[in-house]
Amino acid sequence: MRKAAAYLDSASSEPLHPAARETLLAAYDRGYADPRRLHGAGRDARLLLDNARAVVAECLEVRPDEVTFTPSGTSAVHRGLLGLRRSGTLAPSPIAYSAVEHSAVVHAATWAGDAVELPVDRLGRVDPASIPGDAGVVALQSANHEVGTLQPVSDLDVAVPLFVDACASMGRLPLPRGWDAVAGSAHKWGGPAGVGVLLVRKGTRWVNPFPGDDRIDERASGFENVPAALAAAAALRAVVTERDEVNARQSALVDRIRTAAAQIPDVEVVGDPVDRLPHLVTFSCLYVDGEALVTELDRRGYGVASGSACTASTLTPSRVLEAMGVLTHGNVRVSLTRDTTEADVDGFLAVLPEVVRDIRAEAGL
Amino acid sequence: MRVDLELDCRGMLCPLPVIELGKRYAEVPVGGLVAVVATDVAARTDVPAWCRMRGQEYVGEDAADDGSPRYVVRRIS
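Top to bottom, those sequences are chains E and C.
Take the first sequence: its position 304, counting from 1, is numbered 304 in our numbering, and each next residue is one higher.
Take the second sequence: its position 60, counting from 1, is numbered 60 in our numbering, and each next residue is one higher.
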């Protein structure tokens, strides 16, 4: 019989925070109108939208007029990065991005044309000295979404605009310093999907890379999802308030997973063991098909992700693992939700060795 | 490069080329060379990673007779 599931894939999407759920339901009744309209319902929607913006600004320690709600984290990445790029000279110089950026950054950078990839070390960390002098824009994530390694964003000393993809860390950790534009994604911190956050630093030259729109916020496009933005803000406030306690608890559980996984023969735990996101860990199991691993763990009630792409769907291995020079197959990313318990982790660690052993045995090893 | 054993892993998807390597590298004497011919791009990362994890030496990449990528490993233990 299938056991009660332990969902261990919050890095893909965190379950909706209870604070967001209440807010969302209430806001659907009050925030349906066009916030630009001058009638009562419009003013109500506008009030909620302004409130959402103010809360996000407060949580991220930025100005409200630096906050734009977008339809997704990906959209925030595209707008943020490409808008900085547009602000450059007539013949734009290349976007330099780390080899372990999220694919949204890579797609945007290569779509824009000239792009340079910065190498990373075995832990997945970029060396600030590798940024070429002719870069026009630098894109560097706050933390890696697959292996958790924190990037030295605050240590960068670049004269060109800096775009920071903070989707993996927003809410969980304070923003790094030195950015010109930042992207975040609400469903990664327990807000609803369909809400991204774009921050553009006051005074930064940012030019809309896409057709403009006539919204309250000049950087936004399309009819605002006011209830979802407000719910995202409520979740963010809750997460920021709770993060000292939650991070400490998650970090200890991740340490436990790191130690236990490393004891399984031919398993390598990757990413920085210390300077990392509190809630996620990745390890790779030699001779094991990642998809088989995910399937077998799911049968036992544990939902995890894999960066391996061994089988049919896509033949390209994880760019992140490849850039780090670590095993690209047999890969498992475990990411804890705010509610993950010690018992969930112990249960997972109890089944993991036999799952790995069984898959290896099937392969004749 | 002359090798002691060449494993034909053309068309195999990961992790099969590395499984083949893990099963058969000990057929060469210590100090001998094993080559993995693999068309799956993951082998380019996974063969060196296997060497690091298993304490063997990654010698480098060249090409098989038909131009397929070939990854050469020296057996250390």
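Please note that the accuracy of each hint is not assured.
[To be verified] Every beta carbon over 10 Å from chain C, so not counted as near; a handful from chain E, in silico:
(1) ALA5
(2) ALA57
(3) VAL326
[As the list claims (entries may be wrong)] Here are the in silico distance ranges between beta carbons for each label pair:
(4) GLY212/E to ARG10/C: 46 to 56 Å
(5) SER12/E to VAL30/C: 41 to 51 Å
(6) ARG52/C to GLY364/E: 42 to 52 Å
(7) ARG86/E to VAL30/C: 29 to 39 Å
(8) ARG10/C to THR341/E: 27 to 37 Å
(9) ARG10/C to THR295/E: 25 to 35 Å
(10) SER13/E to TYR58/C: 31 to 41 Å
(11) GLU342/E to ARG24/C: 55 to 65 Å
(12) GLU27/C to GLN263/E: 53 to 63 Å
(13) ALA193/E to TYR58/C: 36 to 46 Å
(14) ALA26/E to ARG52/C: 51 to 61 Å
[Said to hold, decoys possible] Now the stretches of chain E that chain C is said to cover, found in silico as 3 or more residues with beta-carbon under 8 Å:
(15) 208–220
(16) 241–250
Worth flagging that the hints you see were computed from the coordinates, not collected in a lab.
Yeah, the Cβ is synthetic: ideal placement off N, Cα and C, and Gly gets one too.
Taking the hints in turn, this is what the structure says about them:
1. With a closest Cβ-Cβ approach of about 27 Å to chain C, ALA5/E is found to remain outside the 10 Å limit, as its non-interface label requires.
2. With a minimum CB-CB distance of about 42 Å to chain C, ALA57/E clears the 10 Å threshold, and the non-interface call stands.
3. A Cβ of chain C approaches the Cβ of VAL326/E within 10 Å, the least distance being about 6 Å, so the stated non-interface status is violated.
4. In this structure, GLY212/E and ARG10/C meet the distance hint of 46 to 56 Å, their C-beta atoms being roughly 52 Å apart.
5. Between SER12/E and VAL30/C the Cβ separation comes to about 44 Å, which falls inside the hinted range of 41 to 51 Å.
6. Between ARG52/C and GLY364/E, the C-beta spacing of about 23 Å breaks the proposed range 42 to 52 Å.
7. The supplied range of 29 to 39 Å is broken by ARG86/E and VAL30/C, whose beta-carbon atoms lie about 59 Å from each other.
8. Checking the proposed 27 to 37 Å range against ARG10/C and THR341/E shows it is violated: the Cβ atoms sit about 47 Å from each other.
9. Judged by the Cβ atoms, the range 25 to 35 Å given for ARG10/C and THR295/E holds: they are separated by roughly 27 Å.
10. A hinted range of 31 to 41 Å for the beta carbons of SER13/E and TYR58/C is consistent with their spacing of about 37 Å.
11. Distance hint for GLU342/E and ARG24/C: a CB-CB separation of about 42 Å, inconsistent with the stated range 55 to 65 Å.
12. At roughly 30 Å, the beta-carbon separation of GLU27/C and GLN263/E lies outside the given 53 to 63 Å, and the hint is violated.
13. Between ALA193/E and TYR58/C the beta carbons are some 42 Å apart, a value that agrees with the proposed interval 36 to 46 Å.
14. At roughly 54 Å, the beta-carbon separation of ALA26/E and ARG52/C lies within the given 51 to 61 Å, and the hint holds.
15. Remark: the stretch 208–220 of chain E is not confirmed as covered by chain C, as 0 of its residues place a Cβ nearer than 8 Å to a Cβ of that chain, below the required three.
16. Residues of the stretch 241–250 of chain E with a Cβ under 8 Å from some Cβ of chain C number 0, which does not satisfy the need for three, so the listed coverage is violated.
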